[in-house]
Structures are given as C-alpha cells and as structure tokens.
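Chemist: Using the sequences provided together with the hints, build the complete structure.
Quick note, the sequences are listed as chains A and B, same order. The numbering of the first sequence is the numbering used here, which starts it at 56 and goes up by one. The numbering of the second sequence is the numbering used here, which starts it at 9 and goes up by one.
Worth double-checking, as some hints may not be accurate.
SDA-like mimics (lysine to any residue), calculated; alpha carbons at most 20 Å apart, straight line [claimed, not checked]:
1) LYS109/A with ARG87/B
2) LYS148/B with LYS109/A
3) LYS148/B with SER143/A
4) LYS148/B with THR68/A
5) LYS180/B with MET23/B
6) LYS180/B with LEU37/B
7) LYS109/A with LEU76/B
8) LYS97/A with SER143/A
9) LYS148/B with VAL141/A
10) LYS180/B with PHE59/B
11) LYS109/A with GLU10/B
12) LYS109/A with LEU126/A
13) LYS148/B with ARG144/A
14) LYS148/B with SER140/A
Keep in mind that the hints were calculated from the coordinates and are not lab data.
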Amino acid sequence: MSAQSSSSTEMQTLPNGPGSAALLAAGIGALMLAILAIAGDKILWFKSMMIFSKPTGPLSGVTTCAIAAWLIAWWILDRRWRRRSVSSRVSVVALVLLGLGFLLTFPPIADLF
Amino acid sequence: MEITTRGLLTLIHGMGFGALYLMACSGALVEIYRCCHAQTGPQNDDRHDLFLANYLTAMAAVAWLAVLSGTYIVYPWYRATPPAGTTDLAGFPQRLLMASPATAGWHSIGMEWKEHVAWLVPIAITMAAAVCRRYGGGLKSHRELRTAVLGFVWASLLAAGVAGFFGAMLNKNAPVQGGTTMRIMEGGEK
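Modeler: As structure tokens, this is what we get:
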C-alpha cells in the first residue's frame, strides 16, 4: 500500500520532460512518415531502396524507417528530458508536426511536391 | 455462405482490428477526459489510472495488429501484379480499380492515403498509453500534456476513420479474393 502511494506521489511530482519527449517524438515520427512516403513516391532510387519486403513494396521500408525514426527520437529525447521540465510549447510543436504529417499523407497535397 | 481465406483475413484486419479500434476510441477519449477532470479519492484514482493505462495499451496492441496485418498480409494481395495477358482482373484489386477512370480514384487517393495515414494510429496511441502509464493521475497537473495527448488520440480516431472508410469502399469496389474457399453454412430456399 505504501509502495503504491509512493509511486502515486512520484507520478504527481514527475516533471513534464518525459511526457513532452514522448509527444515530440510521436510528432517527429508522424512527419517522418509523410516525408518518407513522399520521397518514396517521387524519387525512383529511394523507392527501390525502400523495398524491404518485395510483396509489400516501398511501403515496407517507408513505414519501418518512420517507426525507427520515431523510436530513436523518443529514446534520445527521453534521455535528455527525463528529469527536466521543458517549455509547454513542445506539446504545441508536437501537435503541429502531427497535423503536418496528417496533411502531407493526403495524396493531392503530397502531389504538390 | 462461402468465404475465401483472403476474404476472411481481410475481414479480420478491417472488421476485427480496425473496427474494434474505432469503437474503443470513444471510450479512450472519455476516460482520458474523466481521468484528468473527475474529483475522486486517491484510491479510486490509482485504480482508474491503471485501468486507463491498460485500456490504452490494449488499444495500441489492436492498432499494431491492424497496420501490420494490413501492410504485410492484405496489401500484397491488393497490389499483386497479374501475369501478362490476363484479362480477368478479379484477383488483382489494384489493377481492377485502375482499369476504369470511374474507379481509379479509389486507388490513387483512397489506397494511397489509407496505406500511410493508418500508420499514424499506432504511433499516436502507443505514445498516449506510455504517457498515461508513466504519469497516471499526475497528468492532472500537466495541462499541456493532457491536452496534447487528447489531441493525438483524436487524430488517431480521425486517421483510423479515414483508413476504415477507404478500406470498406476499396473492398466494395474491388474485393480482395482468392485462396481456399470455406463454406460457413448451407443456405436454403425460402
């Protein structure tokens, strides 16, 4: 019981750093997914480089690389911000990156590049 | 009543994982909101926080199953290339859609968007699950974090909705078929 309450107290006093790291990394992952998808569609050599699984085609490499970028960004940011408080603007930036990632996956917008 | 193995696996991907995720989303949004705003005792808080973290983790598992089964099981059947000279494109959904200007958009916009936007879902919900597990009720004291987490869960709902809508429409216009045919039950004349 006391262990549970001490864990609760830790959660209450946790700085916003780890949460901001997770949010920003997710935003980076979302944007990377869109950028890689556009590159995989437009650049021929990049497209063939992204074929990690032949039946799935370039989608396999694009998604694997985006997931890797997201996890690496999360790991790096979490190490840096684990015990720190960071600006609340980080959450806003994360949402903006997610929004951009969302819009850039929409083919008529992606085709503008 | 018959169904092919490819049809069954497409059904599990869309109606099983995809639809389950969409249904679970509304619960997650309500729970995150309630967790951060409800006035309850500390013991109830702990139990509810754990429930929310487990709920979001289960949603993340469903989201990963949906994108992985879609990308590596169903999508290869969808984009299969027919041998030269094939005239019946029924077993090649992408080519079937692109063969007519009336249906080409379902691939060039629908599938092209769906195959990428769906991957935002596991990223967003895995992050939300991790943040809720790490902070628990502590999220109440970080307004900007909980607002952003809610934003990501809303975005995951939207992305899953886009993927689900186009998945259903693609399968309506050019169903993924093939493999062994399984008879589910015998139908009689009425």
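Chemist: Look at each hint and say if it fits the structure.
Modeler: Each hint tested on the structure:
Note on LYS109/A and ARG87/B: the hinted pairing holds, with a Cα-Cα distance of about 11 Å set against a maximum of 20 Å. Straight-line distance between C-alpha atoms of LYS148/B and LYS109/A comes to about 47 Å, which puts the hinted pair past the 20 Å bound. Under the criterion of a C-alpha separation no larger than 20 Å, the hint pairing LYS148/B with SER143/A is consistent with the structure, at around 14 Å. Taking the CA atoms of LYS148/B and THR68/A, the gap is near 11 Å; set against the 20 Å cutoff, the hint holds.
Distance check on the hinted pair: LYS180/B and MET23/B sit about 14 Å apart at the alpha-carbon level, within 20 Å; holds. Between LYS180/B and LEU37/B the CA atoms are separated by roughly 30 Å; this puts the pair beyond 20 Å, and the hint is violated. For the proposed pair LYS109/A and LEU76/B, the alpha carbon gap of about 15 Å is at most 20 Å, so the pair holds. Proximity of LYS97/A to SER143/A is assessed by CA-CA distance (about 36 Å); at most 20 Å being required, the pair is judged violated.
For the given pair, LYS148/B sits about 17 Å from VAL141/A by alpha-carbon distance, which is consistent with the 20 Å threshold. Between LYS180/B and PHE59/B, the direct Cα distance comes to roughly 37 Å. Violation of the 20 Å bound is thereby established for this hinted pair. Taken as a hint, the LYS109/A and GLU10/B pair is broken in the structure, with Cα atoms around 30 Å apart against an allowance of 20 Å. Using a Cα cut-off of 20 Å, the hinted pair LYS109/A and LEU126/A is violated, with the two alpha carbons roughly 24 Å apart.
A C-alpha spacing of about 18 Å is found between LYS148/B and ARG144/A, which places the hinted pair at or below 20 Å, so the restraint holds. Only pairs whose Cα atoms come within 20 Å are accepted, and LYS148/B paired with SER140/A is accepted, the gap being roughly 16 Å.
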